[in-house]
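Asker: Here is what each chain is made of, one letter per residue.
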Amino acid sequence: MKSMEARLARMALKGDQHAFAEIVGLYQDKLYYMSYRMLYNRQEAEDVVQETFLRVYKNLDRYDDTMKFSTWIYRIATNLCIDRLRKRKPSFSLDAETGDHDGIDGYSMIPSDDRTPESELMLSDTQRIIHNAIETLPAKYKSVMVLRYLQDMSLQEIGDVLELPVTTVKTRVHRGREFLRKKLEHKL
Amino acid sequence: MAAMNCNVAIVSMHDYLDGELIREDVASLKAHLIACPECRARFDQLERTEALIHNALDMRSGVVETSESAVRTQRILSGLPVRRRKTMGWTRWLRNHPAITVAAVFAIVMFSSFIAMWEQDDQLTVRGNDLTQLVIDGDTVTVPQGVHVKGDLTVENGKANVLGDVEGNVTVIEGSLYQASTAHISGQVKTIDQALDWFWYKVTHSFSSLAY
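The listed protein sequences derive, respectively, from chains G and B.
The first sequence runs 1 to 188 under UniProt numbering.
The second sequence runs 1 to 212 under UniProt numbering.
There could be a bad hint or two in this list.
Here are the in silico distance ranges between beta carbons for each label pair [as the list claims (entries may be wrong)]:
no., chain 1, residue 1, chain 2, residue 2, range
1, B, ARG92, G, HIS18, 18 to 28 Å
2, B, ASN96, G, THR167, 32 to 42 Å
3, B, ARG92, G, ASP125, 54 to 64 Å
4, G, HIS18, B, ASN96, 53 to 63 Å
5, B, ASP58, G, THR167, 38 to 48 Å
6, B, ARG40, G, SER154, 25 to 35 Å
7, G, GLY25, B, ASP58, 54 to 64 Å
8, G, ARG7, B, ILE115, 42 to 52 Å
9, G, GLY25, B, ARG92, 22 to 32 Å
10, G, ILE82, B, GLN74, 26 to 36 Å
11, G, LYS14, B, ASP197, 26 to 36 Å
Computed cross-link-like contacts, EDC-like style, restricted to lysine to aspartate or glutamate with a CA-CA straight-line distance of at most 20 Å [as the list claims (entries may be wrong)]:
no., chain 1, residue 1, chain 2, residue 2
12, G, LYS182, B, ASP25
13, G, LYS182, B, ASP44
14, G, LYS182, B, GLU38
15, G, LYS140, G, ASP83
16, G, LYS182, G, GLU163
17, G, LYS170, B, GLU38
18, G, LYS170, B, GLU50
19, G, LYS183, B, GLU47
20, G, LYS183, B, GLU50
21, G, LYS170, B, GLU20
22, G, LYS170, B, ASP25
23, G, LYS182, B, ASP15
24, G, LYS182, B, GLU50
25, G, LYS170, B, ASP18
26, G, LYS187, B, GLU50
What the hints contain is simulated information worked out from the structure, not anything from laboratory work.
Predicted model, so just to flag it, every value in this text is computed and none were measured.
Backbone N, C-alpha and C define an ideal beta-carbon position, used for all residues, glycine too.
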């Protein structure tokens, strides 16, 4: 029994444009939010979504339907986001942690886009702290946290998307959570 | 497990929040939390953090405008290549495996040229170091009785009729060999009439001629 997405993918491969439009409809918002939370930049998030669907379209014939369609599409999108985060890297190494702030590295020094979705203007202080904290997470933690909390993925699914062992995913969720807990400590 | 280590307890807290802590461990974590106020405070913080992250990252909290969505759909669809080129499975396969394709084309060309050469070649050819004493009549090459031929003898597209002595190999390609009882061949006797044998012969022959 094939999933609906797998069937749509097959129809799209045979040239059915409506089937592809349906795939876009199913995933574009999820991908946009995920990319936005990874990059904290609207334009870049839009670009990632566009690029993801372009790749999906071009590589439909390579989609292996033993894998969940969502795993495949999230893998493409997270890889694009991680690539972009890496490209922001200036000449010094961002992964070198600065001094005694654990979990904080050069990524946190990159200014982000000021424009946020309109709804965020109404965010509480706490939520702003969380978003700032998530934004400063190194890419490897960020991708895990975003998939975990935004997409409600199980640790196993996250492992499939990022091609990591579940134990690694688990460690990163734990560290990410601790990092955010420390950031929020005085607010809790 | 009455006295749980605090470090173990912290790992358990995270596993619990991941929904991955088995029931017995939940019980021992609870026991530890009752006994250890520090861990209780930490667990409380973690639980709130968890709720806050969920809340902050919930897709529904950052509502996507429907119009925005529709615009994006249009842009995504119009950004796709205009028409999907309908390529047959095998042409795609060929494109994905250029090395194999080149090798196959090369093999086909070589093979067909060999076949062509093999079929075209129906003239009688005699090769050897010492041909003066041979008698050629029609398509029959005869080594007369009492004659002593030094070196190899090769006959292509004809009959070899050996009555005398040959001090070397006798090879017959696309033909037949008759050996009289008086014949004496000191080397090997080979009859080749298959394309593959012939090909092999050509290859080894050209290599050995290169070697000398």
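Asker: Please go over all the hints and tell whether each is borne out by the structure.
Answerer: The hints, checked one at a time:
Remark: the range hint 18 to 28 Å for ARG92 of chain B to HIS18 of chain G is upheld by a beta-carbon distance near 24 Å. Evaluation of the 32 to 42 Å hint for ASN96 of chain B and THR167 of chain G yields a pass: the beta carbon distance comes to about 35 Å. Hint check: ARG92 of chain B to ASP125 of chain G, Cβ distance near 55 Å, so the stated range 54 to 64 Å holds. Range check, HIS18 of chain G to ASN96 of chain B: about 28 Å between beta-carbon atoms, so the 53 to 63 Å window is missed.
Distance hint check for ASP58 of chain B and THR167 of chain G: the Cβ-Cβ separation is about 27 Å, which falls outside the suggested range of 38 to 48 Å. Separation of ARG40 of chain B from SER154 of chain G is about 28 Å and conforms to the stated range, judged on CB atoms against 25 to 35 Å. The beta-carbon spacing between GLY25 of chain G and ASP58 of chain B, approximately 21 Å, falls outside the hinted interval of 54 to 64 Å. The hinted window of 42 to 52 Å between ARG7 of chain G and ILE115 of chain B holds, with their beta carbons roughly 49 Å apart.
Between GLY25 of chain G and ARG92 of chain B the Cβ separation comes to about 28 Å, which falls inside the hinted range of 22 to 32 Å. A hinted range of 26 to 36 Å holds for the C-beta pair ILE82 of chain G and GLN74 of chain B, which are about 28 Å apart. Here the CB-CB span from LYS14 of chain G to ASP197 of chain B is close to 50 Å, at odds with the stated 26 to 36 Å. Restraint check for LYS182 of chain G and ASP25 of chain B: the C-alpha separation of about 25 Å exceeds 20 Å, so the hint is violated.
With a C-alpha separation of about 13 Å, the suggested pairing of LYS182 of chain G with ASP44 of chain B holds against the 20 Å cut-off. Of the pairs offered as hints, the one joining LYS182 of chain G and GLU38 of chain B holds, with about 15 Å between alpha carbons and a cut-off of 20 Å not exceeded. Taking the CA atoms of LYS140 of chain G and ASP83 of chain G, the gap is near 11 Å; set against the 20 Å cutoff, the hint holds. Between the alpha carbons of LYS182 of chain G and GLU163 of chain G the distance comes to roughly 28 Å, so the proposed pair goes past 20 Å and is violated.
The straight-line distance between the Cα atoms of LYS170 of chain G and GLU38 of chain B is roughly 24 Å, outside the 20 Å bound, and the hint therefore fails. For the given pair, LYS170 of chain G sits about 15 Å from GLU50 of chain B by alpha-carbon distance, which is consistent with the 20 Å threshold. Proposed proximity of LYS183 of chain G and GLU47 of chain B is supported: the alpha carbons are some 14 Å apart, at most 20 Å. With a C-alpha separation of about 13 Å, the suggested pair LYS183 of chain G and GLU50 of chain B falls inside the 20 Å cut-off, and the hint holds.
Proximity of LYS170 of chain G to GLU20 of chain B is assessed by CA-CA distance (about 10 Å); at most 20 Å being required, the pair is judged to hold. Distance restraint check for LYS170 of chain G and ASP25 of chain B: the Cα-Cα separation of roughly 17 Å lies within the 20 Å cut-off, and the hinted pair is therefore satisfied. The hinted pair formed by LYS182 of chain G and ASP15 of chain B meets the criterion: a straight-line CA distance of about 18 Å does not exceed 20 Å. Simply put, LYS182 of chain G and GLU50 of chain B have alpha-carbon atoms about 12 Å apart, close enough for the 20 Å limit, and the pair holds.
A distance of roughly 8 Å separates the Cα atoms of LYS170 of chain G and ASP18 of chain B; the hinted pair therefore holds under the 20 Å criterion. For a cut-off of 20 Å, the pair hint linking LYS187 of chain G to GLU50 of chain B stands: about 13 Å separates their Cα positions.
When held up to the earlier numbered hints, the structure conflicts with 4, 5, 7, 11, 12, 16 and 17 and fits the remainder.
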